[in-house]
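Residue numbers for the sequence shown follow my numbering, beginning at 479 and rising by one.
It should be emphasised that the hints constitute simulated quantities derived from the structure, not laboratory data.
Remember, it's a predicted structure, so these values are computed and weren't measured experimentally.
We put the beta carbon where it would ideally sit given N, CA and C, even for glycine.
Some clues are possibly wrong.
Okay, the calculated beta carbon distance ranges per label pair [claimed, not checked]:
1) Arg601 - Glu509: 40 to 50 Å
2) Asn484 - Ile752: 25 to 35 Å
3) Ala611 - Val531: 13 to 23 Å
4) Phe737 - Thr685: 45 to 55 Å
5) Lys535 - Arg651: 14 to 24 Å
6) Ala530 - Thr685: 39 to 49 Å
7) Thr683 - Lys739: 37 to 47 Å
8) Pro546 - Thr683: 33 to 43 Å
9) Leu614 - Lys543: 21 to 31 Å
10) Lys682 - Gln568: 28 to 38 Å
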Amino acid sequence: MEKKRNLYIIYAGVATVFWATAFLFTQYAQESFSSQGAGLVRYLIATAAILAVMAAKKIGPPKLKDVPKFLLSGFVGFACYVTAFNLSAQTINAATSSVLAQTGPILTAIFSCVFFHEKILLRGWLAIGMAFAGILVLALWNGTFSVKPGVLWMLVAAVSLSIYNLTQRMYIRDYTPFQVTAYSIIGGTVLLLVFLPDAIPEMKTATAASWGAVAYLGVFCGVVAYVSWTKAFSLAERTSDVSNFMFAQPLLASLIGFFAKGEVPGIETVLGGILILGGMFLFQTGQKS
């Protein structure tokens, strides 16, 4: 049992690290691509990689009756999420964006409690409250509740990802983690094709750096990270055990943004991040207790 627990920690950790780098590489991609174009090209590349793996491993399509389910997970986990995420990256920095994204695990824990009847101990609820307090620090630091468009888009992304997390917990009962991720990504890519007419001109003029950024986002932040994330769900006892790893993203994204672009987090990001990371630690130790 302990070995199984350690395995889900490794898989969740891999996904968290790659997602922390997504904030930086999204900014590089948007030097040539629009928010919608970057999302589409990212998942066109991810889909190409997935189809190659499926062909090599002789993995067929999902059951016809399950196609609508994967279109749903593709919409919330990829089409909606990546569009909202990319729009948020235009107006807020990596540290703030990643901290706001941590509403995702809070919502996931609450939804899991409601729909899956997963028990969250009192210490776990206190941890969630502590993390939410960190988010309030970000929003209320200047004395007023000031919401930039990027903040709203990041909250939309967080809600989308929390719903996606729930679908993964359900779908792995009938499919492998790779199949669940693959079918969801393909479904999301199909929905993103609505942006293809505007993306084609951008593809023709994009720089090599931007192409490299979207390729990295598609393969590593897309395929590798999401397969690892779904694998973690298949090994963990509770959905919230995995989703709370997202609380580590602010610190990682802040460090990456600082060393790569010299972004210095504001005091509100530091204090809010401490509360959020403290909440993650309290949740993990509390649930084990």
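Exercise. Within 45 to 55 Å or not, the Cβ separation of Phe737 and Thr685?
Worked result: Given range 45 to 55 Å: violated, Cβ gap about 22 Å.
Exercise. Do the beta carbons of Ala611 and Val531 sit within 13 to 23 Å of each other?
Worked result: This hint is violated: roughly 42 Å between Cβ atoms.
For this session: Confirm or reject the claim that Lys535 and Arg651 have a C-beta distance inside 14 to 24 Å.
Result: holds (21 Å)
Problem set entry | Status of the given 25 to 35 Å range, CB of Ile752 versus CB of Asn484 | With a Cβ separation near 26 Å, Asn484 and Ile752 satisfy 25 to 35 Å, so the hint holds.
For this session: Note whether the CB distance of Leu614 and Lys543 lies within 21 to 31 Å or breaks it.
Result: Violated: the Cβ-Cβ distance is about 43 Å, outside 21 to 31 Å.
Exercise. That 40 to 50 Å hint for Arg601 and Glu509 (C-beta), does it hold up?
Worked result: holds (45 Å)
Exercise. Is 28 to 38 Å a correct range for the gap between the Cβ atoms of Lys682 and Gln568?
Worked result: Distance hint for Lys682, Gln568 is violated at roughly 22 Å.
Exercise. Taking 33 to 43 Å as the hint, is the beta-carbon distance of Pro546 and Thr683 inside that range?
Worked result: holds (37 Å)
Problem set entry | Supplied distance hint 39 to 49 Å, evaluated on CB atoms of Ala530 and Thr685 | violated (25 Å)
Exercise. Is 37 to 47 Å right for how far apart the beta carbons of Thr683 and Lys739 are?
Worked result: Because 23 Å falls outside the window, the suggested range is violated.
Going down the numbered hints, you'll see the structure goes against 3, 4, 6, 7, 9 and 10, while the others check out.
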